[in-house]
Amino acid sequence: MTVFPSPSDDELLRLILAGDESAFVALYRRRQSGIYRFALQMSGSEMIAEDVTQEVFMVLINEAKNYDPSKGSLSAYLYGIARNHVLRALSRDRSFVSIGDSYEEDGEAGHEQLVANDDPLGDLTRNETIVTVRQAVAALPAHYREVVVLCDLHEMSYVEAAQVLNCAVGTVRSRLHRARALLIEKLRARNEPGTASPIVNTARCFA
Amino acid sequence: MSCRNFETVITELARGQMTEAGARENAFAHMESCKSCAMKYADDQALTAGLRAVATKLSAAEASARVEEALVSAFRQRTTTPLSPIAQPSYRTLSGWATLAVAAAAAFLVVSVFGVSRLLFNSSSESSPQNVARTSQPAPVSSPITAPQNPVPSSAEVQSTTAVSSSEPPLEENVPTRFADRSRAQKFNALLNSKTKRSAKDYFADANEREEITTDFLPLTYGGLSQMDGGQIVRVEVPRSALQSFGLPMNVERASGRVKADVLVGNDGVARAIRFVK
Chain R
150 MTVFPSPSDD
160 ELLRLILAGD
170 ESAFVALYRR
180 RQSGIYRFAL
190 QMSGSEMIAE
200 DVTQEVFMVL
210 INEAKNYDPS
220 KGSLSAYLYG
230 IARNHVLRAL
240 SRDRSFVSIG
250 DSYEEDGEAG
260 HEQLVANDDP
270 LGDLTRNETI
280 VTVRQAVAAL
290 PAHYREVVVL
300 CDLHEMSYVE
310 AAQVLNCAVG
320 TVRSRLHRAR
330 ALLIEKLRAR
340 NEPGTASPIV
350 NTARCFA
Chain U
6 MSCRNFETVI
16 TELARGQMTE
26 AGARENAFAH
36 MESCKSCAMK
46 YADDQALTAG
56 LRAVATKLSA
66 AEASARVEEA
76 LVSAFRQRTT
86 TPLSPIAQPS
96 YRTLSGWATL
106 AVAAAAAFLV
116 VSVFGVSRLL
126 FNSSSESSPQ
136 NVARTSQPAP
146 VSSPITAPQN
156 PVPSSAEVQS
166 TTAVSSSEPP
176 LEENVPTRFA
186 DRSRAQKFNA
196 LLNSKTKRSA
206 KDYFADANER
216 EEITTDFLPL
226 TYGGLSQMDG
236 GQIVRVEVPR
246 SALQSFGLPM
256 NVERASGRVK
266 ADVLVGNDGV
276 ARAIRFVK
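As given, the protein sequences belong to chains R and U, one line each in that order.
Under our numbering, the first residue of the first sequence is numbered 150, with each subsequent residue one higher.
Under our numbering, the first residue of the second sequence is numbered 6, with each subsequent residue one higher.
Looking at chain R on its own, in the form it has when it is part of the complex (with noise of 0.2 Å):
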């Protein structure tokens, strides 16, 4: 039996720029699922994800062709769109997003089923440390927040956020190093409250 390796990403788009639609659809089924997820966690909105995630991809239906190989892979090129509409919403949308939204509520009941229950307790411990983590990502300055998303829980290498965030390999190295402490003290603040620091209490910043 033959098993035929699957297409490249830059060999499915350059079937896109020929017009072909299978390829298109191939390219948006492996690429969608990093680039929503990435807004979901930037956002905590699902519907900034959804309109995120639409946004790139009309960009790489209309604009396929400004895509530079040199710089950078197309999951990289498709993150750093992601990341300015992201970055957009957020700014028009302030003061209507805010931690507790639907990525907190309704994200939870959403995607309840994605956890094992053979252990209701240590599930609910789970669950609390999970929301806890969260609430403390989605609390961070925004530039701190993206570090943390694309090398933590998309496990970006350094060199790819740079691509992504378009800035140098030492300076994601440090914003990373730097998120990681703010979480710490974070966390740290909410598990003993009487030592909570005045950035514990802070609403999310968009700095």
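Cβ-Cβ distance ranges computed for the label pairs, FRET-style:
id	chain 1	residue 1	chain 2	residue 2	range
1	U	Gly120	R	Asn215	34 to 44 Å
2	R	Glu304	U	Arg29	15 to 25 Å
3	U	Thr61	R	Arg178	17 to 27 Å
4	U	Ser246	R	Ser155	43 to 53 Å
5	U	Leu223	R	Glu160	55 to 65 Å
6	R	Ser222	U	Gln50	26 to 36 Å
7	R	Thr278	U	Gly252	47 to 57 Å
8	U	Ser7	R	Arg179	43 to 53 Å
9	R	Val318	U	Arg263	46 to 56 Å
10	U	Val115	R	Arg337	57 to 67 Å
So these bits of chain U aren't anywhere near chain R, every CB distance computed over 10 Å:
id	residue
11	Phe11
12	Glu25
13	Asn31
14	Val107
15	Ile218
16	Gly235
17	Glu242
18	Ala276
19	Lys283
Here are some of the chain R residues that sit facing chain U, going by a computed Cβ distance under 8 Å:
id	residue
20	Arg275
21	Asp301
22	Ile333
Keep in mind that the hints were calculated from the coordinates and are not lab data.
What you are looking at is a predicted structure, and each value in this text was computed from that prediction instead of being measured.
Don't be surprised by glycine CBs; every beta carbon is placed ideally from N, CA and C.
Using the hints provided, position chain U relative to the given structure of chain R.
Structure of chain U alone, referenced to chain R:
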């Protein structure tokens, strides 16, 4: 390894990204002798575990099928009519750059209209003001005015204004002439400030023949008319949607149409105020 050096590698160490075996051994050796760094490492490890749990929980999240359907539909439209703007799906809005480009083009158009109308006026008034006064009103039309130095006239000045007005020739002969004396300018300013229908009749010959309804002059710049020492009124046509920009009601069904407006342009060339004409 010092605590400072340990601090620089703790993130990679906790994330399992530290590839150099030697550096990793040094870091673990340091933790055995430094409880503070060992605690930091434990915190970082716990954070890594928490973040991985978050990532795992959301690993199957994806956009709804509706998004794929919309995109495939847009792709089909795009491939069948690649250059037609109709191919753009209806939910798309102008991107930031496109909006800026449209705004810049509109601004350029308005500035060009002002510039051309000023040039036309200057050349015509220098050659023969009387001839200009008797010609029909072109579009755009400029009607020069000079605003007063002192917005509150004395009683003597008011009397003088009345006298001048009573001895004035018919309006049709005066329309485009520049205000030569201060009292007439004050009269105009009073009319301008009163913002009645009469102001249109006084300064546009056409207005005598066909009734024009105007809005108040709406300031375009900070300070509005107070900082103006003279200028012209220029008749232009602007998109009907401009009404909305000034908070005026607009018939959405006729948004693509145009509406007449008078722009008050100062001697410095800056548009100071606008009123819409029906």
